[in-house]
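Peer 1: In order, the protein sequence lines correspond to chains Z and G.
For the first sequence, this note's numbering begins at 51 and goes up steadily by one.
For the second sequence, this note's numbering begins at 182 and goes up steadily by one.
Be aware that a few hints might be false.
[Claimed, not checked] Here are some, though not all, of the chain Z residues that point toward chain G, as calculated from beta-carbon distances under 7 Å: (1) 65; (2) 70; (3) 72; (4) 76; (5) 79; (6) 82; (7) 85; (8) 89; (9) 107; (10) 108; (11) 125; (12) 168.
Because the hints were derived from the structure by calculation, they are not lab data.
Cβ coordinates follow ideal geometry from the N, Cα and C atoms, glycine included.
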Amino acid sequence: MQYSNKVIGHFKNPHNMGAIENPDGLGQVGNPVCGDMMKLYIKVKDNKIENIKFQTLGCAAAIATSSMITDLAKGKTLEQAEKISRSDVSDALGKLPPIKEHCSNLAADALHRAIQDYKKRNK
Amino acid sequence: MIYLDHAATTPLDSDVLKAMQPYFNKLFANSGSIHSAGQEALAGIDKARQQVAHFLNCETNEVIFTSGATESNNLALTGIVDASDIKKPHIITSNIEHPAILEVVKNLKNRGVEVTILPVEHDGIVNTNVVQKEIKDNTILISIMYANNEIGTVQPIKEIGELIKKINEKRKNKIYFHTDATQAAGYLNCDTKSLKTDLLSLSGHKIYGPKGIGVLFVKKGTKIKPFQYGGHQEFNLRAGTLNTPGIVGIGEALSIVKKNRDVNNKRVQHLRDKLIEKTLKEIEGSHLNGSKTKRLPNNANISFDKIEGESIMLNLDFEGIEVSTGSACASGSLSPSYVLLALGLSHLQAHGSIRFSFGKENTIEDVNKTVEALKKIIKRLRLISPIK
């Protein structure tokens, strides 16, 4: 099992890590059996993701995908962000080891949940 | 590099390398050949067999050279079952054995063998009374590891050996006792007479010897069948041309272990104890897994709350410190270490575990640098973690 340089780069220096106080949407995913848990916070302005931050407990792949999703989603409209998929995240990272595709690529799910949460709050 | 992964493998001792070297290209002949070149190679093997026999306190014809402990374990378990004339034989083992035992047992179960897998106590030790309770009329083999590869806990092998010996005096079909001493061989007394084992496996590369060589001790009179055919080598129990350099290497490695054991154990234990003491004191939410006292002198297995082991391991690697983890992520499976789960740890705790295994080249500087790096890494990972 080997990680790409991009995965290692994001794992070493993750972007947008931390929490947002009073977020407009919060997405939480995780599986303690696999050992991965993630919280994704978004701030929305004019239908765009203005700010996004994450907190993740997990392996290098879990942390790198979390960091990458924040890069991919920041500044996007909600419609654009909803279309970001698991494979977009792993492609942007130069692929994940096969075993990690399944268990540690949770970031897109967390983003979608955060957007759902935002929509629920603003119904 | 600070190498703290000696339970995975050890560097080759330079004296072992020196002993092996002539057997690659000068004394290369087949030890089975009758000519003098072959006899020179055989002399190297004979010497090594004596060194191993001395280490195990057994006869030279009780020493079977294999390709490693995995093969030794396969041969021991399958060979005893195959040689048994009991209709549905029963074997007993523990739930913290290495996969080189558990997977063999699973295969035997699929073949119709009755299997009992014993639990361990919360400290990672097998209870001898529980072993006794599980013995049945059709029990033919009990296999309990000497020391665990992940948490280093040492099992009461002598106690179990004595129990089985006593029970055997009163029964018709003998129960054989096997121990996987792969992790123990570098540190613990492996006198097979005192331990009362019928079979014992060990490996070269865990004891500063070469990879690709192992030993199975088979006590004289043991009913066992080979599973590899094609030659009369190793008393008809293990066919195949002998790996002369490897055999010479493991013989030399074991004789060095025996000579330096007390001094070496004291040294690594001092380093290991310092690491545990400093880590538990200076890093909040860190816990030692497995018995504090009944464990190999070089092993520390520590769980860190609210973070994941692979992340810790890789970050240590970035600092030049090599360790291993019981997290699923490093193993290629989805579930964390079954050994840690067997102790009653939660999945999260098991995922957050790191194994440090010391060796003879480590220093107190290594311990200090490792604890300093750990403090920094764990603080940072907890900052990223959603669990506070």
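Peer 1: Hold the hint about residue 76 (chain Z) up to the distance rule: shortest CB distance to chain G must be less than 7 Å.
Peer 2: violated, 10 Å
Peer 1: If you take the shortest Cβ to Cβ gap from residue 168 (chain Z) to chain G, is it below 7 Å?
Peer 2: Residue 168 (chain Z) check fails; min Cβ-Cβ to chain G is 18 Å, beyond 7 Å.
Peer 1: With a cut-off of 7 Å on the beta carbons, see whether residue 70 (chain Z) makes it to chain G.
Peer 2: Violated - the Cβ of residue 70 (chain Z) stays beyond 7 Å from chain G, reaching only about 13 Å at its closest.
Peer 1: Any CB of chain G closer than 7 Å to the CB of residue 72 (chain Z)?
Peer 2: With a closest approach of 17 Å, the residue 72 (chain Z) hint is violated.
Peer 1: Does the closest beta carbon of chain G sit nearer than 7 Å to the beta carbon of residue 65 (chain Z)?
Peer 2: violated, 12 Å
Peer 1: Closer than 7 Å between Cβ atoms is the bar; does residue 89 (chain Z) clear it against chain G? Give me holds or violated.
Peer 2: holds, 4 Å
Peer 1: Just to be careful: measuring from the Cβ of residue 125 (chain Z) to every Cβ in chain G, is the smallest value less than 7 Å?
Peer 2: Violated - the Cβ of residue 125 (chain Z) stays beyond 7 Å from chain G, reaching only about 23 Å at its closest.
Peer 1: May I ask you to test the interface hint for residue 108 (chain Z) with respect to chain G, counting a Cβ-Cβ separation under 7 Å as satisfied?
Peer 2: Holds. Min distance 5 Å.
Peer 1: Hint residue 79 (chain Z) vs chain G: min CB-CB distance below 7 Å?
Peer 2: Interface hint status for residue 79 (chain Z): violated (10 Å vs cutoff 7 Å).
Peer 1: So, residue 82 (chain Z) near chain G? Judge it on the closest CB pair being under 7 Å.
Peer 2: Holds: closest Cβ of chain G sits about 5 Å from residue 82 (chain Z), inside 7 Å.
Peer 1: Can residue 107 (chain Z) be said to touch chain G, with a Cβ gap under 7 Å?
Peer 2: With a minimum Cβ separation of about 4 Å from chain G (threshold 7 Å), the hint on residue 107 (chain Z) holds.
Peer 1: Hold the hint about residue 85 (chain Z) up to the distance rule: shortest CB distance to chain G must be less than 7 Å.
Peer 2: holds, 3 Å
Hint check: violations occur at hints 1, 2, 3, 4, 5, 11 and 12; the rest are consistent with the structure.
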